[in-house]
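Engineer: Could you slot chains R and L onto chain U? The hints should help.
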Amino acid sequence: MVERQSWIKSISLYLLLLAFLFPFLLIVMNSFKKTQYFVDNPLAFPTSFSFDNYISAFKSMQFPQAFVNSLLITVISVLIIILFSSMTGYLLVRFKWKVNNVLFYVMLASMTIPFQVIMIPLVMIYGNMGLLNTKTILLFMYTGFGIPFGVFTFHGFIKGVPYELEESAFIEGSSRFNTFFRIILPLLKPVIVTLVVLDVLWIWNDYLLPSLVLLSPEHRTLPLSTFAFFSSYSVDYSPLMAGLIMTIIPVLVLYLFLQKQIIKGITEGALK
Amino acid sequence: MNFKKNVVLGICMLLVFSVLAACSNANTSNPPASNAGGSEEGQGSAKKDVKLTFFNTSAEVNTVFEELFKSYHELNPNVTIELIPTPIGGAQLEKFQSLLASNSPATIANLDAGTILQFKDKFLDLEADKAKYEALTKPGAIDGALLDGKFLGIPWTAQGYGLLYNKRVVEEAIGGTFDPASIKTRDDLAALFAKIEAAGTAPVMLHGADWSLGAHYLGLTYSLQSESVDSNRAFVEELKNGNVKLSENPQFTGLMDTFDLLIKYNARKKDPLVADYNKDSADFANGNAAFYFMGDWTWAVIGGLEGRDQEFGIIPVPVSNNASDYGNAQVAYSEPKLLAIDNSGSTPEQQEAAKAFLEWLVTSEKGQTAIVSEMGLSMPYKEVAVQGSNIISEAVTQYVDNGNAMNIGVINYLPQDYWAKTGASMQKYLVGKIDRQGLVDEIEAYWKSYAGK
Amino acid sequence: MKKNTLKNVGTFLLFGGPSTFAFTAVVLIPFIVGLYLTFTNWDVATNDGSLIGFSNYVDVFHDKIYLGQLWFTIKYVFFTVLISNLIAFFVALALTSGIKGEQWIRTGFFTPNLIGGIVLGYLWQMLFSQVLPYLGEKYGWTLFETSWLTSTGSAFWALVIATSWQLVGYLMIIYIAGFSGVPHDVLEAASIDGAKRSTIVKKVILPLSVPAIVICIFISISRAFLTYDINLALTKGGPFNSTELASYHIVKKAFLSNQYGIGQAEAVVLFAVVAIVALTQSYLLKKMEVES
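Residue numbers (the numbering used here), protein chains in the order written: chain U, 267 to 538; chain R, 949 to 1401; chain L, 9 to 300.
Incorrect hints may have been included.
[What the hints assert, rightly or not] Lysine-lysine pairs mimicking DSS-like chemistry, simulated, CA-CA at most 30 Å apart:
1) U:K526 x L:K108
2) L:K211 x U:K455
3) L:K294 x U:K425
4) R:K1193 x L:K72
5) R:K1314 x U:K325
6) U:K526 x L:K211
7) R:K1078 x R:K1098
8) L:K294 x U:K364
9) U:K455 x L:K15
10) R:K1381 x L:K72
11) L:K295 x U:K455
12) R:K1381 x R:K1188
13) R:K996 x U:K401
14) R:K1070 x U:K401
15) L:K210 x U:K455
16) L:K295 x U:K362
17) R:K1376 x R:K1396
18) U:K300 x L:K146
19) L:K146 x R:K1212
20) U:K455 x L:K108
21) L:K72 x R:K1188
The hints are simulated quantities; they were obtained by calculation from the structure and are not laboratory data. On a predicted model such as this, the values are computed, not experimentally measured, just so you know.
If we strip away everything but chain U, and leave its shape as in the complex, we get (with noise of 0.2 Å):
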């Protein structure tokens, strides 16, 4: 009885994910043909396993600048979210100061703005104080969007983080700051690992930031480089398709590295 029901449950699992695998394997297949047998029919196995759209896509993408500057935005940027979100997060939780309740409500709001409101006067502001069109503003904005969010998360979490933990260190004498970093931190690594990975998606694959922050060619990002694929009325599938392996396979590793990380924290029982 329960073998035959976790049987069922294991198999509709597996067709559930080969639904959703389905269209990663036109990818995959495709980024191997030319644009035109891809059109004629998508569903062909490749005749011959031809790397050329990938030498293409990588020469026209400029490949090793575009994957150094992603990385650098990426990295940085994640990073940066994490520490200050965390930290304002652990504020929220700790002090119910009114301000901090405003706070936590305004930034709650914020993640429901849409971008077009923002666009123009963000572009604006920046552009008119000469800020635009370096990496750094770049990431100060990334840190910006990705706040609200992570404040939130964390937010959420750390209320589940019993006080009396925090409690003896303070009698031992730390400070708050301390604390935190010695106490609370590596209690949110569950969370934190999971952030990394949504926050380095988002970063990874934004096209519309970029687009409207770097101008010069030297700075563009993985996104921005694929341009080249995009014509105004239709797609040169094909290479579209290489790059998109190539841009993809970095954070997939990432991911499967970090994925390690969530399973031992939940098996841990961090936040029990």
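Structural biologist: Chains R and L alone, transformed into the frame defined by chain U:
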């Protein structure tokens, strides 16, 4: 605890921080686009270093332009040109406006003539160079590029559209050589379609996208009114004022009667709005449809296909059964993109360098080779040293050289959203969601919403 | 007392200062400027404008098309949030109970998130307009014989499916993180003991994972409401502008129809709707959390 004090103090600190941050950043970062010079090597040579930016809305040729910029930099080491590509997904106006709003406009912009007109105050008046370009280009090319009488953008490419045909398929169906001039009226076309269908091929591919239906097909209505752009503009003004009854306008009804014919013989009859540009173009090139309502730009897709048919041509869309009516012998022809130079944030050095580059682009062999053979476009210039591979645009050129080009310049003066709005109405008509009267009502209502604007 | 206040200010600045600064400079100030612009007739072409009061808002409420699209968006959000959260919750539950190859399955569900919105939209566009009709024709499946993107009803579901496809993996990992608050043996029991399973889910797991649920529903609501990329690439608002979600309509209004002020005012209205919906649901769910 004193909360208010906390808040006030917090805000003060923030202000101090922001001022500090703004100052320190302003010193270290390069103001974009608008900085001329700034060479680290300090060559001290005669010419100052100039950096130009180039905003491109012809997305399919982004990479060709980037190569050209490199070549130009090799010839003129003091000039660096950076490409600002069209944003993915076609949000061109959004990107263009964000550049303007951020006070970092592109030095050169390759834009639709209509967009240049809309932002005409931002661009440099090229009046001083007008005579020079008039001498370089084919007759009428500069006149066609004038916007409200001003020379704001340099034409560099010309396009024509109509009913493209696949020669092999048509000839197999009629069992002989096909003379495109034999299709003079709608009935001629209907007879030909019937023959092709009887031979077992779909007669025509009707691409169901709003830009094709709204701008190119329905857009003919405004150009068919007369040969003069000015009186066509007057017609549009009358539309806006509600003084035109489209259902009584012979050009409109004629055009729509032909549209009904295209619908009847449409290769995509089963699912008319599916509109996959790659697929539709490839099916036409491979002979799965004899005709295709499209323009010479589709060569960018067709040209590189393996195993396609070899010969293609173009005929105008017949709009009546009277062979001498305007439009039955004329192919729609325009200079869709113009190269304009910014005058809102660029330095005189940049503007001069931009002018020099543009002249090189359209006159040098390297520039012409890139435009004609690599981009597959035709140039409205007298001396083009390069032979192109785009046989559709060559077919268009024949019409032009014979004086059979329809000037569709009126579209430059239409509101920017006309193709999207009226294109949607055309889509409804195409799938039978509304009838002719419904279509007329929607189009008239669209124009009336612009009354007085 | 005074010393205490000073210390509190110090704590606030230390823990909240950098965040608040970045947030204010990047989100809050541009938002306020944006809000201000809705009361003017400013536009990019003239870069000039004067105060015109509420007239942009009056126009918004006279724009029947926009109001219709707002309603269309709400329907879309409802189904997207419902479907993606249900799937994500149960997949997350199944994938924390020790199934073989758990990690790989998780990765599989998560992979759609590795693709950015525009590319994802194009991918599904090709799937709906090419692959499925191809299969439909070959095997006579009437459901897929014509493209889903060419009629309003099915294009709606195409949008919901494409969005959910991506959202499920995202929400799943938040749910998984949320289940870290649930003791492992409970999860195991829930997966093994068939008879008591639904009870355990209802009585133990659900209440314990309320924080995760609050986050997930909030995220999915705001993300679905603000969908732009997928809409642009998948349906382009078509057929005949019938599947324009609010954000897409706003962009077209502001930049294509060149009515920046009205577009901006429509965006503010959208913001109000999203904020009210999202905050109300978190408030209600949080109350549940306290009560349970």
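Engineer: Now look at each hint and say whether the structure bears it out.
Structural biologist: Structure-based check of each hint:
no. : hint              : verdict
1   : U:K526 x L:K108   : 15 Å, holds
2   : L:K211 x U:K455   : 27 Å, holds
3   : L:K294 x U:K425   : 12 Å, holds
4   : R:K1193 x L:K72   : 25 Å, holds
5   : R:K1314 x U:K325  : 22 Å, holds
6   : U:K526 x L:K211   : 29 Å, holds
7   : R:K1078 x R:K1098 : 10 Å, holds
8   : L:K294 x U:K364   : 19 Å, holds
9   : U:K455 x L:K15    : 29 Å, holds
10  : R:K1381 x L:K72   : 20 Å, holds
11  : L:K295 x U:K455   : 27 Å, holds
12  : R:K1381 x R:K1188 : 25 Å, holds
13  : R:K996 x U:K401   : 27 Å, holds
14  : R:K1070 x U:K401  : 28 Å, holds
15  : L:K210 x U:K455   : 27 Å, holds
16  : L:K295 x U:K362   : 18 Å, holds
17  : R:K1376 x R:K1396 : 20 Å, holds
18  : U:K300 x L:K146   : 23 Å, holds
19  : L:K146 x R:K1212  : 25 Å, holds
20  : U:K455 x L:K108   : 25 Å, holds
21  : L:K72 x R:K1188   : 20 Å, holds
Figure legend: structure checked against the earlier numbered hints; every hint is met.
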